[in-house]
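*Asks:* Given the coordinates of chain A, assemble chain B onto it according to the supplied hints.
Protein sequences, first through last, are from chains A and B. Take the first sequence: its letters are residues 1 to 248, numbered as in my numbering. Take the second sequence: its letters are residues 1 to 248, numbered as in my numbering.
Keep in mind that the hints were calculated from the coordinates and are not lab data. Any given hint might turn out to be false.
Here are the simulated SDA-like cross-link-like pairs (lysine to any residue), alpha carbons at most 20 Å apart as the crow flies [claimed, not checked]:
1) A:K27 with A:Y147
2) A:K198 with B:K54
3) B:K54 with A:G203
4) A:K84 with B:A187
Okay, the calculated beta carbon distance ranges per label pair [claimed, not checked]:
5) A:D242 with B:P247: 34 to 42 Å
6) B:Y208 with A:I183: 39 to 47 Å
7) A:E23 with B:Y208: 36 to 44 Å
8) B:H14 with A:P247: 31 to 39 Å
9) B:R189 with A:E210: 40 to 48 Å
For every residue, glycine included, the Cβ atom is placed at its ideal position computed from N, Cα and C.
There are 2 protein chains.
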Amino acid sequence: MTPLILVTNDDGVHSPGIIALFEDMKKVGNAYIVAPDRERSAVSHALTLHRPLKADELRENVFSVNGTPTDCVVLAIHRILSKKPDIVVSGINMGANLGDDITYSGTVSAAIEGTILNVPSFAISLAGDKPFHYETAAAFATEIAKYILSRSLPYDTLLNVNVPDMAKNEIKGIKITKQGKRIYDNAIRDIYSPRGDKYYWIGGGELYWERGEDMDSHAVQNSYVSVTPIHLDMTNYEALSDLIKHPI
Amino acid sequence: MTPLILVTNDDGVHSPGIIALFEDMKKVGNAYIVAPDRERSAVSHALTLHRPLKADELRENVFSVNGTPTDCVVLAIHRILSKKPDIVVSGINMGANLGDDITYSGTVSAAIEGTILNVPSFAISLAGDKPFHYETAAAFATEIAKYILSRSLPYDTLLNVNVPDMAKNEIKGIKITKQGKRIYDNAIRDIYSPRGDKYYWIGGGELYWERGEDMDSHAVQNSYVSVTPIHLDMTNYEALSDLIKHPI
Numbered sequence: 001m002t003p004l005i006l007v008t009n010d011d012g013v014h015s016p017g018i019i020a021l022f023e024d025m026k027k028v029g030n031a032y033i034v035a036p037d038r039e040r041s042a043v044s045h046a047l048t049l050h051r052p053l054k055a056d057e058l059r060e061n062v063f064s065v066n067g068t069p070t071d072c073v074v075l076a077i078h079r080i081l082s083k084k085p086d087i088v089v090s091g092i093n094m095g096a097n098l099g100d101d102i103t104y105s106g107t108v109s110a111a112i113e114g115t116i117l118n119v120p121s122f123a124i125s126l127a128g129d130k131p132f133h134y135e136t137a138a139a140f141a142t143e144i145a146k147y148i149l150s151r152s153l154p155y156d157t158l159l160n161v162n163v164p165d166m167a168k169n170e171i172k173g174i175k176i177t178k179q180g181k182r183i184y185d186n187a188i189r190d191i192y193s194p195r196g197d198k199y200y201w202i203g204g205g206e207l208y209w210e211r212g213e214d215m216d217s218h219a220v221q222n223s224y225v226s227v228t229p230i231h232l233d234m235t236n237y238e239a240l241s242d243l244i245k246h247p248i
Numbered sequence: 001m002t003p004l005i006l007v008t009n010d011d012g013v014h015s016p017g018i019i020a021l022f023e024d025m026k027k028v029g030n031a032y033i034v035a036p037d038r039e040r041s042a043v044s045h046a047l048t049l050h051r052p053l054k055a056d057e058l059r060e061n062v063f064s065v066n067g068t069p070t071d072c073v074v075l076a077i078h079r080i081l082s083k084k085p086d087i088v089v090s091g092i093n094m095g096a097n098l099g100d101d102i103t104y105s106g107t108v109s110a111a112i113e114g115t116i117l118n119v120p121s122f123a124i125s126l127a128g129d130k131p132f133h134y135e136t137a138a139a140f141a142t143e144i145a146k147y148i149l150s151r152s153l154p155y156d157t158l159l160n161v162n163v164p165d166m167a168k169n170e171i172k173g174i175k176i177t178k179q180g181k182r183i184y185d186n187a188i189r190d191i192y193s194p195r196g197d198k199y200y201w202i203g204g205g206e207l208y209w210e211r212g213e214d215m216d217s218h219a220v221q222n223s224y225v226s227v228t229p230i231h232l233d234m235t236n237y238e239a240l241s242d243l244i245k246h247p248i
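Next comes chain A alone, as it looks inside the complex (with noise of 0.2 Å):
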């Protein structure tokens, strides 16, 4: 049977890197977009509970909705598909999400959405300050697709994809890796405005990597496409027999 696919993701229906894969998603299955109206990387993850939202068809199979890339997953499986989803994908976002920064990513969201109603996800980065070789993500993108659709995932359990931006001959090929750990330099500013008073202004710091062969991170900058399984379940069981052994 066709496939059923969801295309979502945080740089809005219009972005070069959600084209590219839908258009590579439909050589895989049935797939539909279900997109932000525009740009929602800065917005929350969380539901929109305070006013409702609009679904508005595109053209064939592409709906733009004025949420949150989680909105965007939760209308879709529950009004704007037939039937559930076989799969979600996220992607393909406009620069990488690795480490630490997977928390605050729309793109990891609208993928962890997919996974808690229990449809097997994955989030798909093309790493780069302005990145272009799409074309390179979205065939990685159907051969994960593929790969989840022939074996599922794990329970509660999604994959965090980032791609080098390069050609796909360039790449050496597909490591899984663990979540890295940014070395936050947060190079911090100060400067003052036009009437005297001091601001900072945060950023402009070196971005640093723990070292690591096995890390997201590693693997990206060495031009290998990084898989990193994700846990929904962030509880520290070590810690937790520890605190039981010695209570507060």
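*Replies:* Showing chain B alone in chain A's frame:
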């Protein structure tokens, strides 16, 4: 030596939760508030990089910042406080932060940022729709802060604390819990605009939790304070081994 305590939240510097927390933290150490100038639970958790930020000293040891909870923690640690704090306490949030919802919580985000910057951190939330027993949560915040100051916390791990909204003498005790699992109902109501356009309004469904005596939600529902150790590393290591065995 008197410990240095950073207090922040996502409900804003004027919220009753942070004021109650601050009063009790002043008894534990040298406490500072650095918190958003207004309610920021609907803004992104990420750092604000696209504009400069301003920190205003409202009164002794109390600063407001026109940014996110994460911005507040970064500016406090790198600029506003004279040295690195011994603990970051985020809250008291107006409403619970349980299960998968912690991914979306600004309150928990601030504790995550503290943890990333290697300061032992915890988030504290008062469960209930319109909770008002902030003095109960503040009392438990004091106990937990003293515990952490005497023992620290495991690497990359914060505590997520939820307090039932009741008088302290009604609370049965503290339970160390794992992150619960919401069973999403996501009821959606179809409504129509005055012009006849169809809209969807998410919400109004019942909230269910997976059963399990060790879950955060179960503790709070049964009049216990829930304390969950949360790990920043979300890698599912079992799935990682499995993916290496069955390559994509």
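*Asks:* Each of the hints needs a verdict: does it hold here or not?
*Replies:* Now for the hints, and whether the structure bears them out:
| no. | hint | result |
| --- | --- | --- |
| 1 | A:K27 with A:Y147 | holds, 14 Å |
| 2 | A:K198 with B:K54 | holds, 7 Å |
| 3 | B:K54 with A:G203 | holds, 15 Å |
| 4 | A:K84 with B:A187 | holds, 16 Å |
| 5 | A:D242 with B:P247: 34 to 42 Å | holds, 36 Å |
| 6 | B:Y208 with A:I183: 39 to 47 Å | holds, 41 Å |
| 7 | A:E23 with B:Y208: 36 to 44 Å | holds, 39 Å |
| 8 | B:H14 with A:P247: 31 to 39 Å | holds, 35 Å |
| 9 | B:R189 with A:E210: 40 to 48 Å | holds, 47 Å |
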